[in-house]
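Engineer: Sequence:
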Amino acid sequence: KMNYYSEFRIDPAMIISKKLSKRDLDGNVKLPKIQVMSVFKKMKGVTHETLQNGIEVKVLDTAEADPNTNYKSDEYTVTLRCIDNNKFYFGVGWSTMKHSMDLKEGETLELYWDYLHETFIVLNIPYLVMD
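Each residue of the sequence shown is one higher than the one before, starting from 6 at the first, in our numbering.
Hint data in this document are derived by calculation from the structure and do not stem from the laboratory.
All figures in this text were calculated on a predicted structure; none of them were measured in a lab.
C-beta: ideal position from N, C-alpha, C; glycine also.
All clues stand as given, with none of them false.
Listed next, the in silico DSSO-like pairs over lysine-lysine satisfying Cα-Cα at most 30 Å (straight line):
hint	residue 1	residue 2
1	K24	K47
2	K92	K23
3	K38	K63
4	K49	K35
5	K92	K47
6	K27	K92
7	K35	K47
8	K109	K35
9	K92	K46
10	K109	K38
11	K38	K27
12	K23	K47
13	K109	K63
14	K46	K23
15	K24	K109
16	K24	K63
17	K38	K49
18	K38	K92
19	K49	K63
20	K49	K24
21	K35	K23
Derived CB-CB ranges, DEER-like:
hint	residue 1	residue 2	range
22	D89	P131	30 to 40 Å
23	P131	T52	31 to 41 Å
24	M42	T124	16 to 26 Å
25	H53	L133	30 to 40 Å
26	K35	K63	16 to 26 Å
27	R14	I88	30 to 40 Å
28	M135	H104	28 to 38 Å
29	K92	E123	21 to 31 Å
30	G96	S22	16 to 26 Å
31	V134	E112	17 to 27 Å
With the hints as constraints, model all of the structure from the sequences given.
Structural biologist: Below is the structure:
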């Protein structure tokens, strides 16, 4: 099927990629620190305090986008948190997202931080990485 993001060009420094473990799916998904820190450079309002409290972020799943719904994507809100200064994870909202997207152990969840729209986009769509 045709996707309106077929020429989606993205900055590799804004990608968070995580191979999902049983633990990620049973509880909250732990995110790779180096990639998260890279995304933080383009995320507003990131402080030690906001991370402990949790930062609400939007996640768009555009693979389901349909011309008949004006390319409306599935949209989730998840809370990005940090514990022990170095463990980053999605808390509240992750449960809804993982069930809705039917995520399985061993699959890789790839998220792109679209900082212009302050939204994560699920990279289950064709894209080109910018040099």
